[in-house]
Amino acid sequence: MLDLLISTLTQGLIYALISFGVYITYSILDFPDLGVDGTFPLGAAVTAVLLTRGADPWATLAASLAVGALAGLLTGVIHVALRVRNLLAGIITMTALFSINLQIAGSNLTVDRGTDTIFTAPLTMSLFGGLTLMQRKLVVSLILVVLVKVLLDLYFRTKSGLLLRAVGDNAGLVTTLAKNRGVVKVVGLMLSNALVALGGCIVCHEQRSFSATMGTGQLVYGLAAVIIGVSLMNFYAASPLARAMRGAGALRYLATPAGTTAVIAGSILYKICIQAALNAGLPANMMKLATAALFLLVLVLSGRKGEAIIHA
Amino acid sequence: MKKIRLFAALLALTLTLTACGKEQETTTPDAPEDGGDAQKEMYVIGISQYGEHASLDNCREGFLQGLEQAGLVEGVDFTYDYQNAGFDDNIATQIGQSFSAQDVDLMVGIATNSAVACFAAAEDKDIPVIFTAITDPVQAKLDSGNITGTSDKLPVEAQLDLIRQLQPNAKTIGIIYTTSEPNSVSTIEEYQEKAGDYGFTIDAVGVTSQAEVTQAADTLIAHDVDCFSNLTDNNVVGVLAAILEKTNEAGIPVYGSEVEQVKLGCVASAGIDYVQLGIQTGLMAAKVLTGKASCADLPYETISEYSLYINSQELDAMGISIPEALAGKTVEADAA
Numbered sequence: 178m179l180d181l182l183i184s185t186l187t188q189g190l191i192y193a194l195i196s197f198g199v200y201i202t203y204s205i206l207d208f209p210d211l212g213v214d215g216t217f218p219l220g221a222a223v224t225a226v227l228l229t230r231g232a233d234p235w236a237t238l239a240a241s242l243a244v245g246a247l248a249g250l251l252t253g254v255i256h257v258a259l260r261v262r263n264l265l266a267g268i269i270t271m272t273a274l275f276s277i278n279l280q281i282a283g284s285n286l287t288v289d290r291g292t293d294t295i296f297t298a299p300l301t302m303s304l305f306g307g308l309t310l311m312q313r314k315l316v317v318s319l320i321l322v323v324l325v326k327v328l329l330d331l332y333f334r335t336k337s338g339l340l341l342r343a344v345g346d347n348a349g350l351v352t353t354l355a356k357n358r359g360v361v362k363v364v365g366l367m368l369s370n371a372l373v374a375l376g377g378c379i380v381c382h383e384q385r386s387f388s389a390t391m392g393t394g395q396l397v398y399g400l401a402a403v404i405i406g407v408s409l410m411n412f413y414a415a416s417p418l419a420r421a422m423r424g425a426g427a428l429r430y431l432a433t434p435a436g437t438t439a440v441i442a443g444s445i446l447y448k449i450c451i452q453a454a455l456n457a458g459l460p461a462n463m464m465k466l467a468t469a470a471l472f473l474l475v476l477v478l479s480g481r482k483g484e485a486i487i488h489a
Numbered sequence: 008m009k010k011i012r013l014f015a016a017l018l019a020l021t022l023t024l025t026a027c028g029k030e031q032e033t034t035t036p037d038a039p040e041d042g043g044d045a046q047k048e049m050y051v052i053g054i055s056q057y058g059e060h061a062s063l064d065n066c067r068e069g070f071l072q073g074l075e076q077a078g079l080v081e082g083v084d085f086t087y088d089y090q091n092a093g094f095d096d097n098i099a100t101q102i103g104q105s106f107s108a109q110d111v112d113l114m115v116g117i118a119t120n121s122a123v124a125c126f127a128a129a130e131d132k133d134i135p136v137i138f139t140a141i142t143d144p145v146q147a148k149l150d151s152g153n154i155t156g157t158s159d160k161l162p163v164e165a166q167l168d169l170i171r172q173l174q175p176n177a178k179t180i181g182i183i184y185t186t187s188e189p190n191s192v193s194t195i196e197e198y199q200e201k202a203g204d205y206g207f208t209i210d211a212v213g214v215t216s217q218a219e220v221t222q223a224a225d226t227l228i229a230h231d232v233d234c235f236s237n238l239t240d241n242n243v244v245g246v247l248a249a250i251l252e253k254t255n256e257a258g259i260p261v262y263g264s265e266v267e268q269v270k271l272g273c274v275a276s277a278g279i280d281y282v283q284l285g286i287q288t289g290l291m292a293a294k295v296l297t298g299k300a301s302c303a304d305l306p307y308e309t310i311s312e313y314s315l316y317i318n319s320q321e322l323d324a325m326g327i328s329i330p331e332a333l334a335g336k337t338v339e340a341d342a343a
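Just so you know, the protein sequences line up as chains A and B, in that order.
Residues 178 to 489 (our numbering) are what the first sequence spells out, left to right.
Residues 8 to 343 (our numbering) are what the second sequence spells out, left to right.
Hints are not guaranteed to be accurate.
Unchecked claim - What follows is a list of derived Cβ distance ranges for each label pair:
| id | chain 1 | residue 1 | chain 2 | residue 2 | range |
| --- | --- | --- | --- | --- | --- |
| 1 | B | Lys132 | A | Ile320 | 21 to 29 Å |
| 2 | B | Glu339 | A | Thr272 | 52 to 60 Å |
| 3 | A | Leu300 | B | Glu196 | 49 to 57 Å |
| 4 | A | Ala435 | B | Glu68 | 35 to 43 Å |
| 5 | B | Ala257 | A | Gly283 | 27 to 35 Å |
| 6 | A | Ala435 | B | Asp304 | 51 to 59 Å |
| 7 | B | Ala257 | A | Asp289 | 43 to 51 Å |
| 8 | B | Lys132 | A | Trp235 | 24 to 32 Å |
| 9 | B | Glu196 | A | Pro299 | 35 to 43 Å |
Since the hints were derived computationally from the structure, they do not count as laboratory data.
C-beta: ideal position from N, C-alpha, C; glycine also.
Isolated chain B (complex conformation) (with noise of 0.2 Å):
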């Protein structure tokens, strides 16, 4: 009897998920909105993003509104299916493929693992993937084929600059990494390769998990760095507030690395926008997607712009006040 009750349900859970399954797919490519054109063909976009995560999440809307910039309007010209695979690499391998199932037009892989998954799922079908937030595509083997998309990658010698001139008497910059992210493994070169310009060396120190990031802090403060600065590194970032808490305590300012970490309350960054990089993410996919060039006509793109932008309660706290020269050319966190 207990056999056969786990049968039925079993059969019962499939058959459920695999109708919901079903359902969505037909609904969602050919449903055209009242007053659209409803001959043109719509576009079909599967977005898959790594996780959930402020900076990520920004990549997306961005991209979003880069589409509608370039004259694309949702329902009308495109559709999209977004699915987060949780952090979870095998879930974004299973996204990708089934993107790849339902034969979209373009796929947009989020952060690198995402990245990775969407193109190894693309290959078949020769399908055009167009990422972003990847700081170096060409470590990830993301430079050729069809695929392209904008780099993430920080303006180090910015921040550099930045740390000079906030804090002229500071010599040692603490950095805490993932061994594991290509992303910032090569971030930290650059930075031990350009330190020395600016005066500084680098303390780095390497982590495996995010559960290892305060311990990691501690020792940083422990070696009396200067400062911290942070990289776009996500088990540190995800974990900024519990560091923040320590540095806070220890009177160590803290950098950020974009402008969601400076609300979170880093003293200042130098850095990129992620909602201005999904913008020219949208900007290139709509022209890979309209047919007006090939992702092999268009190079991956870094963003040149980057913003100074300041926490000025965060600044008094830490008794650091704005030296004249960057008066003006700092942009207040919350308000951007």
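The following block holds chain A by itself, in its conformation from the complex (with noise of 0.2 Å):
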């Protein structure tokens, strides 16, 4: 029980890295980017490429966020000049992708047991060589995850994240401001991209492979982790106990915690009840209907937008 537990959280874990780059589109630009599909298993192909070409493995974290930035810009370019709708433009560059893809791979790629991943890298085994993979895949993607949350929780206190922030919520103030919204818009899906690709470096260190397949319904996944997340997240800080802490000095900072805390907590909740879902002996047929029910479930007793402290 106590395996399933850490293979669950790590899976969480890492998924909540897609989630912060679904977060930022649909969140906080307001932008539902299908593109999310396409760039998930983009960050993996690459990843499994250049692994199976005897790369360092941490040299691929920084490629997969590279090429997930380039398609963001081109989902972003294909939105603000080519004035294409927000939805079609990330459908284009998902279908675009999925060609990309697999000229980048091949077809479906395995890397062999031999080959070092982050898990199992020098630099991995000499801090963490005690515990077991199990272990350390849920130590590396817990540093992982928290390093790129405070990043980003960074990120949106300066002026730039600033303005990422005004463009989904009152995209008039931005132009008031004598900014391109266009470019602001470009800069979030660039970095919601990244981070989705970056996921999918993840998922192919974790699970040796890259499939062609492997990005359909990543988009559902992450908009889930992220309603459950924010939605419960909300009902704690109306809480009497958060409205207590935020009087209380020093404990107001736990008192409304970050979006990208409620991201991450959606993440690791939502894996956990698929799993569960999964050990219920719940047949694998009927899984998307019941992760479609547990989403609109989510999505009506949160009553949408409301009195939200933390936005969704």
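Mind assembling these two chains? They're in different frames, but the hints should get you there.
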């Protein structure tokens, strides 16, 4: 049971990277970016090719961030410069990436056990060599996700980050500030897709494989994680406990968790739900229906925006 | 108020699901059948199948028969946990991990993606993995480590020979395949390599999803191919009925890659029997489970025997008669 908890937590953490990306586009920019379904396998494809060619495992992280940002740039340019509707811009990128991913990887690709991944690389072994592989996967994913979360939180406070948030909330304000909305959107899309590709990269390290179909449904996953996480955190932030803490000096930081924290919680909770459903013997054919039902339930019960303290 | 309802509902959902999970997990491994040898340890096998598919189902059935043939009795010597990923890679991953967490004695991966997911999940605990229904285990990097199994590599030469005998004047064979399925890509290469020896040229059309298959069939019909030959390509086999509708109208015979396809309406096939493949896999698994051999001792196996399955009704409709050289060597698919 403990093992299952460790591997489910690991999955939740790794997929939180994708949810961060979806959080930026869907929640902050108000841009439903279907390109995610193509960017996720893109990160995995690049990683699988680099790993099989003997590249340094850590270099694949940078490479997938870069190609992901390029994919975001593509969606951004299609939407902003060519004036294609946001939903369609994402669909175009997603469709194009399916071919591009296969061009990159050839076909589905497996990385053999002899090849080092970030979970077995010398640096990881020197730090956490005493742990089992399963525990190492959890620790490394946790460090990565927390690192990304902290960097994102810091970024949201910079001028560029504040502008990003303004575009989704009050686009007029950005124009009043004499800033180009289009450029801000493109930056947001690049950041989001870079994170999604990073997620694909880590999944490839963890699964030692790339498959052309692995991207299917990732946007839905990310959305579900974001909405579950944010709804729960809003519930928590509105609770008497959080209200009391908000008045109590140092504790006030705990009272209003950051959106990124909510996303991590949502991702983990969602993976736990899927694992629980699998363990309960729910037939695989019913899984998507159960996902849709859970998704709808959370959306309806959370009453959408309402008096939300954290953005969803 | 709404928020409280949300929280309660989510909590209830999670709790019910985990509660069910626990219950199942504790009852499966230690539920000795009456009269069974209750003292003996029962092997727990985790079977991960990539999706619902007649050939893959046959593999699983055969696998269980193979275990029984090796003298292992279900409920006495072993229990199994069968999970199906519904063709979803992410679910396949979680299935593998849940098997690893349950500390199963052996994982079985049916079809490439499930086998790869099991192998990744088994790495930590070095749980042996047995695969089946994989065309090219070497390309999938499943040929070394604590893993072995059976390959469903198609008897391509036998198929080419069969087509030559049934259609002496045919020149072009049309094949539809999915570009992302390594199994299909490697089989297409073999077809192209060997087609010349039998006087054929191959007209291969690649697709990326099931939705494109019928269009690819139209393309091949427009190219005036003399016949179609199928691979064990999941996307293509999944819409075989729609392909057959088009080819029957155009009067083009379609050759299957295994018996289920011939039952569905292909004219003939030099194909393997997936139940037989499953049995062979089950026998290998029994050796590994009982400690008679380790995966490292057992190189992966291909099935060497194939049968020539025919569908007389469809052959008649296409005006093809069985030449004397083949008389008595064919098996009617409905009877198989």
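Practice item. Would you pick out the hints that fail for this structure and give their numbers low to high? Key: 2, 3, 4
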